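J.: Just so you know, we're using my numbering here: the sequence shown kicks off at 14 and counts up by one.
Incorrect hints may appear among the rest.
Derived PhoX-like pairs (lysine-lysine); straight-line CA-CA distance at most 20 Å [as the list claims (entries may be wrong)]:
1) LYS137 x LYS232
2) LYS198 x LYS159
3) LYS279 x LYS235
4) LYS279 x LYS232
5) LYS70 x LYS89
6) LYS70 x LYS269
7) LYS248 x LYS162
Now the in silico label distances, taken between C-beta atoms and shown as ranges [said to hold, decoys possible]:
8) VAL65 x ASP199: 33 to 41 Å
9) SER280 x ILE51: 33 to 41 Å
10) GLU191 x ASN132: 18 to 26 Å
11) GLY146 x ASP32: 37 to 45 Å
12) GLU191 x GLY167: 21 to 29 Å
13) ARG103 x GLU266: 15 to 23 Å
14) ALA182 x PRO231: 32 to 40 Å
15) PRO156 x TRP196: 13 to 21 Å
By construction, these hints were calculated from the structure, which means they are not laboratory data.
Predicted model only: the values in this text are computed from it and were never measured.
Just so it is clear, CB atoms sit at the ideal spot from N, CA and C, and this is done for glycine as well.
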Amino acid sequence: MNQQVSITNSGEEALGKVDDPAFDMYVDLMARCLTDMIYGAQRNIVRRGNKVKFDAKKRAQGRDWPVVGHSMAGLKRLRNTAYLTDRVIREGIPGDLIETGVWRGGSSAMMRGVMKCRNVTDRKVYLADSFEGLPPPNDEEYPDDKGSKYHTRGRLAIGVQAVQNTFDAYDLMDDQVEFVVGWFKDTLPKLEVPSFALVRLDGDMYESTIQAIEALYPKLSKGGFLIVDDYGGIKACRTAIHDYRDAQGITDEIHKIDHTGVWWQKS
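Working from the sequences, and respecting the hints, build out all of it.
T.: See below:
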């Protein structure tokens, strides 16, 4: 495996931002609502019986878990999702959009929100998740996940109804939103969608990441975008990405979003 890859700090200009103040304002407001930043210090956290003071910097960077908010991705990753969704629309890249690993559905809601804002009626957003949390590590088949404790974190087990409630809160729940329920190994290879314009991976583990990219990347349209939420923050996820890129000979430039998120455009 070769992880000596050049990663570009792309900046806002590389995200496809356009001169559209109203759109930028919508995206910014959505991001702040999804991360529950609009209430600030009123959302002090109680953890293990102790009050933890709200930290705006951590929340903006996606370094904590909102108690009430709909996304833990932070502002930059949510904006990245919005602007790449907008590029898909403006550049006419064919296919639907999908997120694998959705938690409360915030990033997927951002995709659907951009589509609604741009009056797109011929694409769907797919939300793929077990909606039961993450699987126990399969050390024998995926040794990079050895010691993983994600399956013990109950806060990651968010049911379908709770995610639907997220979409309802922003008036985005309609027939352009489709849930793919089950373990990735069972659902994604059987997903009858001919092409995707944007794929967002947020599976944390090696197993979840490799299963998702193996099933979906061949369906990603030329010029489409692949976003990886956990690339910088979780070694097992990063290893899975480079194992796949190396096996497929992918050399497309990786662009940095923040401390953990990256994306690239399929050549």
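J.: Look at each hint and say if it fits the structure.
T.: Results for each hint:
1. Using a Cα cut-off of 20 Å, the hinted pair LYS137 and LYS232 holds, with the two alpha carbons roughly 15 Å apart.
2. At roughly 19 Å between alpha-carbon atoms, LYS198 and LYS159 fall within 20 Å of each other, so this suggested pair holds.
3. At roughly 6 Å between alpha-carbon atoms, LYS279 and LYS235 fall within 20 Å of each other, so this suggested pair holds.
4. Between LYS279 and LYS232, the direct Cα distance comes to roughly 11 Å. Compliance with the 20 Å bound is thereby established for this hinted pair.
5. Note on LYS70 and LYS89: the hinted pairing holds, with a Cα-Cα distance of about 12 Å set against a maximum of 20 Å.
6. Distance restraint check for LYS70 and LYS269: the Cα-Cα separation of roughly 19 Å lies within the 20 Å cut-off, and the hinted pair is therefore satisfied.
7. The hinted pair formed by LYS248 and LYS162 meets the criterion: a straight-line CA distance of about 14 Å does not exceed 20 Å.
8. Against the hinted window of 33 to 41 Å, the Cβ-Cβ separation of VAL65 and ASP199 comes to about 38 Å, which satisfies the hint.
9. Checking the proposed 33 to 41 Å range against SER280 and ILE51 shows it holds: the Cβ atoms sit about 39 Å from each other.
10. Between GLU191 and ASN132 the beta carbon distance is about 19 Å. The supplied range of 18 to 26 Å therefore holds.
11. Restraint check, GLY146 to ASP32: a C-beta distance of roughly 42 Å satisfies the suggested window 37 to 45 Å.
12. Distance hint for GLU191 and GLY167: a CB-CB separation of about 26 Å, consistent with the stated range 21 to 29 Å.
13. Restraint check, ARG103 to GLU266: a C-beta distance of roughly 21 Å satisfies the suggested window 15 to 23 Å.
14. Judged by the Cβ atoms, the range 32 to 40 Å given for ALA182 and PRO231 holds: they are separated by roughly 34 Å.
15. Between PRO156 and TRP196 the beta carbons are some 19 Å apart, a value that agrees with the proposed interval 13 to 21 Å.
Of the numbered hints stated above, none is contradicted by the structure.
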